[in-house]
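Engineer: The chain contents come next:
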Amino acid sequence: MSGLLHAFTILAVSAGVVFFIAGTVGLVRFPDVPTRLHALTKADNVGLGLVVLGLLPYTGGLLGALKLVSVWLLTLLSGAIVTQLIARAVR
Amino acid sequence: MALVFDIGIVSLLIAIGAWMIMARDTLVAVIIFVVYGLLMSIAWVRLSAVDVALTEAAIGSGITGMLLLSAAARLRQTEGAGARPSFPVCVAAGSLCALISAGLAGVVLLPADVAPTLAPLAVANLADTGLENPVAGVLFAYRALDTLLEKVVLLLALLGVWSLGSDRAWGGAPALGAYVPPNDILVFFAQVLPPIGIVFAAYMTWTGASHPGGAFQGGTVLAVMWLLVMMAGVARAPPISSTKVRWLLVAGPALFLAVGFLGFVIAAGFLAYPVDYAKALIVLIEIALALSIGVTLALLAAGPPERTLQP
Amino acid sequence: MTAGTVLASSFIVPLFMLVAALGQRTRERLSDLLPFAPLPALLAALVVPDGTIVVLPRSLLGITLSLDKPGAMLLGAASLLWIAGGIYARQMLQDAARAVRFAIWWLTTLSGSLGVFIAADMIGFYFFYTLVSLAAYGLVAYDETAATRRASTIYVALALLGEAFLLMAFVLLAAATPGNSLLISDAVAALRSSPWRDITMLLIVLGFGLKIGLVPLHVWMPLTYSAAPIPAAAVLSGAAVKAGVIGLIRFLPFDVSLAGWSEVLMVLGFVSAFYGVAIGLAQTNPKAVLAYSSVSQMGLLAAVLGMGLGSGSRAALLPVAFYAVHHMLAKGGLFLALGAAAARRGSALLVLVPTVVLALALAGLPFTGGQLAKMAIKDPLGDGVASVLAQISAIGSALLMLHFLYLFRAGIAEAPADRPSAAAVVAWLMMVFAALALPWFLFPTLDGASRADAFTLQELWGAAWPILIGGLLAALLWRWRTRLPRIPEGDVLFIAERCAPTVSRLGAAFERADGVLRQWPIASMCVALLVVLTALALAMPA
Amino acid sequence: MNSATLFGFCSAAIVGLGLFGLIVSPHPLRRILAFNLLGSGVFLFFGVVARRGAAAGLGADPVPQALVITGIVVAFSATALAVALVLRLFALTDEAAPTSEADPKAGAEGGHS
Amino acid sequence: MSTASVATTSSGYLLVLAVMWPVIGILLSFVVSGRQIERLAWIVLPVGLVIAGATLIAVTQAGQSQIYVVGNWAPPLGIALRADGISVAMMMATAIVICVTGVFAHGEFSQPPGGPEERAPVVFWVLLFAIWSALNALVLGSDLFNLYVALELLTFAAVPLVCLKGKKETVEAALRYMLFALIGSVLYLLGAAMIYGAYGTLDIRLLSERGHAEPATLIAASLMTIGLLAKTALVPLHLWLPPAHAGAPAPGSAMLSALVVKGSFFVIIRIWFDAMPDLLSFRAAQLLGALGAAAILLGSVLALRQQRLKLLIAYSTIAQIGYLFFVFPLAAGLATGVAWSGIAWTASWLQLFSHAFAKAAMFMAAGLIAEALGHDRIAELGGIGRKLPITMLAFALSGLSLVGVPPSGGFSAKWLLLLATVMEGQWWWAVVIVLGGLLAGGYIFMVLGRLLASPTEVPALQAPVSRWRECAALSLAICAVLLGIWPLQSSDFLFIGR
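Residue numbers (numbering that gives the first Met the number 0), protein chains in the order written: chain A, 0 to 90; chain B, 0 to 310; chain C, 0 to 541; chain D, 0 to 112; chain E, 0 to 497.
Don't take each hint at face value.
What the hints assert, rightly or not - Straight-line Cα separation of at most 20 Å, SDA-like style, residue types lysine to any residue; simulated pairs:
hint	chain 1	residue 1	chain 2	residue 2
1	E	K164	D	E94
2	E	K167	D	T4
3	E	K164	E	G373
4	E	K167	B	T206
5	B	K243	B	A253
6	E	K166	D	E94
Said to hold, decoys possible - Short, incomplete list of chain E residues facing chain B, as computed with Cβ under 10 Å:
hint	residue
7	V22
8	E37
9	C162
10	A219
I should point out that these hints are in silico values taken from the structure, not numbers from a laboratory.
All C-beta atoms in this analysis are idealised placements derived from N, C-alpha and C, irrespective of residue type, glycine included.
Please take these sequences and the hints and turn them into a complete structure.
Structural biologist: Here you go:
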C-alpha cells in the first residue's frame, strides 16, 4: 500500500514541478507583461495544486491536510487579485 | 541530501544579498529584499527555528517589505541622489568587510567542544510556566523583562513616527490609502481576506503557548489585515488622538506590567507567575499583546499624521 | 581660634562682598565697598601671630592657611596697596557704566591675591593663584578698546599656560609626597627624593617665572600694565606679581642645595634684570617703562632666590620678602603717581618731588626703603660675581627711573587737566608715605639687622654711587635721546604674532580633517577599521 | 560540515555584505536596506548558535531564538522610524527647494545651516 | 556550569521601580489627554528622584551591591538587575539632571491652556520619561541582551528629541544619528551573539567567572566596544553628534550631551571592568586612550573655530568624552588591585558626573541666550550676558568646571587623572589632559569675553526669559562646582560591589 502511495506522490509532485518550470519559462520567454502574468498564474497555481495533492498523504491526519489545502486556496485568491492589480497598473 | 538543499539556500541567500547591494534602482532592491526575507524564513525552518521563521516571514519581510516598498515608490524621483563613494573607498570598505566576515567565519569554524546551551535548563523549568512552547516560555517567563522593554521600544518608535508630522496635523489621521482611486478588485480583496486573517491571527496567538506562534506573529497578521483594509479605502485610518486607539496601543504593555507588579503580591516577585495558573495569565497577556502589537505595527506602517481632523 | 578666623576672613570677606552683587539694590553700591575689602587682611597681617595654622572645613575645599614672617610682611603691604587702589578705583568708578563688572573682577582678584600669601596647601594655593591670575582678565579688559582686547587675550592665554605648568608641577609634587597630605611643606620636603625632581623644578620655575615676568615669559607685562586702568595697573604690578614671588619662596626646596637650578635661576634673573632696563629705556609710555622696571626688579629677586637655593639655607627668604614689599609699595606709588599727576595738573612740583624720591628709592636712594632693601639682599648675594651684577643692575634701574621721571615730567606738561580728585591724591600720598616709612619699621624684623647700620658712612656711600653714575649716564642719554630706537611694547611678541597664521592654518587643517571624518562612507569605514584594529590589539600578546 | 556551520558561513557573508552596503550606499533608503540585511545576518548567527545548542529533545536552544524574535521586532521599529525620517527629510527638501534636484548627499555640510 | 545562584537582596525591589516607574509614566501619558501630561510629569519626576535617592541610601548602607532576580529565574536562564556603587551614583546624577531639565523645559514645552493637544509638549515629556527609564535600565542591567534592549530604548528616545523642532537640518541630523546608532547596536548584538555562542550565558557576573581570552571572545569584545563607541560618538565616529546636539531644543540637547552619550560609555565600562576584567590587553587600552586623546584635541580645536554657540558646546562634548576614555589605559590594573588604578577610576567617574552637570547647565544657558537673542552666533552675542546675569553666572560656572578651575568637580577630576597618569608612568596622557584644559580655557574665555563685551548698544531681548528657568540652569552649574568638595583620593563609594 505505501509503495502505491509513494509512486502517486512522486508522480504528482513531479507533475507539479513540470508546471512550475513551464510557468518560469513563460515568465522569461514571453514578450510583454500581461502574457507573462498569464503564464505565471496559470502554470504556478496548477503546479502548486499538484504538489499539495502529492503531499496530502504525508500530512498525518485530516487537520494537516485541510491546512495544506487552505494554503493552496489562499495562494489562488491572492494570486488572482495581485495579477488583476498588476495588469491594471501596467495598462 | 539535505546538505545540497542547504547549500542551495545559502548560495541563493548570498547571491540575492549581493544583488540587493549592487542594484542600481532602489525599488528593485526593495523587491529583492522581500524575496530575500522569504528565503531567510526557509533558512530559519532549516535551522529548526519555526517560531523565528514565522516572525521573519511576517515582520522581517512582510510588513518591513511593505513599508520599504511604499517609501521606495514615493522616493523614486530622488534616485540620483549622491554618488557612490570613490573607487579606492569602495575597495577599502570591501576589504575591511571581507576581513570582518572572515573573522566571523573563523569563529563559526571553531565551535567549543561541547556547544554551551540553556536548552536543558529551559525545558526543565518549562513546567513552572505551564507552557509547552519553550520559545514562548523564554519570551514571556524567563526573559519577560526584555519582552516588556521591547514593547515600550515599539511604542516609542510609534511616537517618534508621529512626532515627524507637522504641528497642525497633530491629532489628525495618517494619509494611508486616503488618495487611492476606488478599485473594486482591492475592495473585494479587502472584504474577503480580513475575516480569514483574523481567524488565522487568533489561532496563531492561541497556539503560541504550545506550538510555534505567539503574540508577535498573530499581532503582525492583524496589523497587515488592518493595513489592507485601510489601503483599500474600505475604512479610513483612525485619528491618532482617538482614545480608542490610544487605549488599544497601551493595553498590551499595561496588562503585562500590571501582571508583573501583581507578581510581587501573588508570586515570588516582579514578572513572576504563580505556578498553578501561570499559563492562564501568560495567554491573557499574549492576547492583549497581540491586539496592541497589531495596532502599533499598523500605525507604524501607516506613517505620521498628515490629514488634520475634519470637525 | 579668633586668629584663625581673622586669617580666613582676609580672603573670605571680599568673596562674601561678591554676593552683594546679586541683589539689585546693593549692586550699585558695590564699588563703594572696594577700599574696605582688604581691611581684614591688614588686620590679620598685624594681629595674627606667626606660625598660626588653620584648616578650613571640607565645604571650603579643606584649604589650610598658615601665616609665616614673609607671608605676613607681603600680606600687610599688599593689603595697604589694595586699600589705596580701592580708594582710587572707587572714585574712578563713580559714574562709569561698567562699574559693577569692574568691581566684581576687582574683588575676585583681591581675594586671590591676598589668599595666595597665606595658603599652606597646594589645592588652596592653586585656587587662590587661579583667582588672581584669571580674574585679572576682567581688570585688564575694562576699557573695551582694540589694544586692551589684544592685551587681555594675550594675558589670559599666558595666564592659562602658567596655570597648566603649575597644575602639572603640583601633581608631580603630590605624587611624590608619601600619604595623601597636600601640604606645601611636606611636598617640598619630599621633592628631593622624588623621581621627577627636575621636571617638577622646571615646571615650578616656568610657572612662577611667567608670573613674575622672567624673560622671555615677560611679554604680557608691558601690554597688560599699559592697557589696564591706573588702579588696576597699580595693584597688578604691585600685589598680583608677588604671587609669583611667594610661590617661589614656598615651592623652591631651600633646605637642600640643588646645584643646577640655582645657576639657572641666577642667569634668568640677571638676564631679565638687564633686559628690562635695556628695553625700558626704549619705551615712550611711562606705564611701559614702569612695567619693564618691574621685569628688571623681579629678575633681581629671582637671582637672589637662585643664590639662596645654591647656598642651601633659608636665610634668603626674609630679605627677598622685604625687597618685594618695598618694590610693591614703591611701584604701586609710582603708578598712582601717574594717576594723581593726571588728576592734579595744577601744582606740578607738589606731585613731582615725592615721585622723584619714590623712583630713586627703587634704585636704592640713601635714607629710603630702597637702601634698606639693597642692604637686606647684600648678604644672600655674597660678595662674588652676583653682588657686582647686583650693583650694575642698581645703576641700570637708576638710569631707567630717571628716564621714567623725564617721561613723567613731560607727561604732566601736556596731560589734559580733567578735574582734581581728592581720592586719587589721597591714595597716592598714602602709598608714598607707606613706601618711605614702612620699610624702616619692618627692617629690624630681619635677623641681624638694625636701623643704625643704615646710617654708617660706608653704607650710605655704597647706596649713593650707583645713583650718581646712573644720573651721569642719564645726562649722556638725554643728549642722544633722539637716536634711541623705539621698540613696541611686548618686544619679542611680534615673533609670536608672526607665527599666528601658521596656527590658524593648523586649525583649518583640523577643520578639513573633521569634514572628511564626518562624511558617511569614511565614518562607517572607520567603524569597520576600528573593529579590526581592536581585535588585533586584543589578540596580540601584550 | 553540518548545516549549522554552513549557515554560519552564510551569516558571516551576509554580515560582510550588509556592512559593505551600509558603507557605500549613498541614498539613506539603501542604507536602511543594508541595515536590515546586516541585522538578518546577525540574527542568522544567533540561529546557528541556537541550532548548535540543540539538546534536551529540542531542535535548537530556545533562548537565542527568543532573542532573535525580540531583535526582529526592534529592527522593524528601527526601520519604520528611519523610513519615516527619510520621507520627512525629502518632503522638507522638496518644500524647501522644489526646483533644485533634491540632494541629501552625505556630505559634510552637517549642522552648518 | 556553576550556577552559583544569586539571590534578590533586601531592597532589590527599588531597582525594578527605578526602571519601571518612568515606563508607567510613558504608558499613562499615551492615555491621558495632552493637558494633563504636565501634571503627570510633576508626579513622575519627584517620585523618580525619591526612588533614586532610596537606592543610593540602600546601597551605601548595605555596603555591597543590591541585586534583583527578575521573575525569580536565576541568571543563566533569567535576568538579574544589579546596582553597585557606580550605577547608583549614575542613577542619582541622571535623576537630578532629568528633574532639573523637566523644570527647565516646563516653560518651553507646556500645553497652551484650552486649545487642542500640542505635538511638541506631548512628545517631549514622553521622550524624557523614556530616556530616564532607558538610562536606569542601562545602569542596572547585568545581562548583555537586556543592555541591548535598553540601548535601543535610549536611541529611540533620543532620535525624535533631536528633530522635535522639525527643521530640515535637524531631521537630517536625526537620520544620520539614527543610522549610525543602529550600526552600533547591530555590531553590539553580533558581539553578544558570539559571547553566547562561546559561554552559553549573557549574564555579566557569570561571564566574569567563565571568560577567558580565546579568539571568539576577543572579536566579540572588539565588536561590542566599537559598536558602543559609535553610540558614544568618540572621534573618529563622531559624525552625528555636532548637528544632532546643536539642533535639538535646549532641554533636549542638555539631556543628550549630559546623559545619553554617557549611557553607552557605561556599558563599555561594564564590558571591560565587569564582564571581562583582565582581558583588556595593554595595546587595546592604549588604542582606546589614543582615541580619547584624539577626541580631546580635535574636539577642542574645532570648538575654538565654531561660529555658533551650540555647535561650540557640542564639539566641547566630543572633547570631554575623550577624557572618559583614559580610564582604560590608567585603571587597567583595577582587577589586580593596583593602588592608583583606584585613583584613575575615581577620576573618570568624577569627570563623568561633573561633565554631566556642567554640560547640561551650559546647554540650558545657551538655549536661554539663543531664545533671548533669536540666534546663537558667537560673534554677535554682544554682551547679552549683562542682560541675563544669572544665565551668565551659570555659563561661567559650568565653563570653569569644564576648564578645570579649582573649586569645581572638573578640577578634582583633572587633578586625580593627572595624578594617575604620573603614578602609572604614562606621562603622554598628562600632556594631552593639560593641553585639553588650555584649549578649553581658550573657547570658554572667548565666549565669556563676547558675553561680557559691551558694544555701543546691547541687542534687545526678543523674548523675555523667565527667572526660574535661569535658576534651573544655575542649580546644575552649582552642582558641578559642589562636586569639587569630593575628597581628592580614590573614593571607596565607587568601589562598592567591585
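Engineer: So, for every hint listed, does it hold in this structure?
Structural biologist: Hint check:
1. K164/E to E94/D: Given that 20 Å is the threshold and the Cα spacing comes to 16 Å, the pair holds.
2. K167/E to T4/D: It is violated: about 47 Å lies between the C-alpha atoms, which goes past 20 Å.
3. K164/E to G373/E: With Cα atoms ~15 Å apart, K164/E and G373/E stay inside 20 Å; holds.
4. K167/E to T206/B: violated, 47 Å
5. K243/B to A253/B: Cα-Cα ~15 Å, so holds.
6. K166/E to E94/D: holds, 11 Å
7. V22: This interface hint holds because 6 Å falls under the 10 Å limit.
8. E37: violated, 17 Å
9. C162: holds, 7 Å
10. A219: holds, 8 Å
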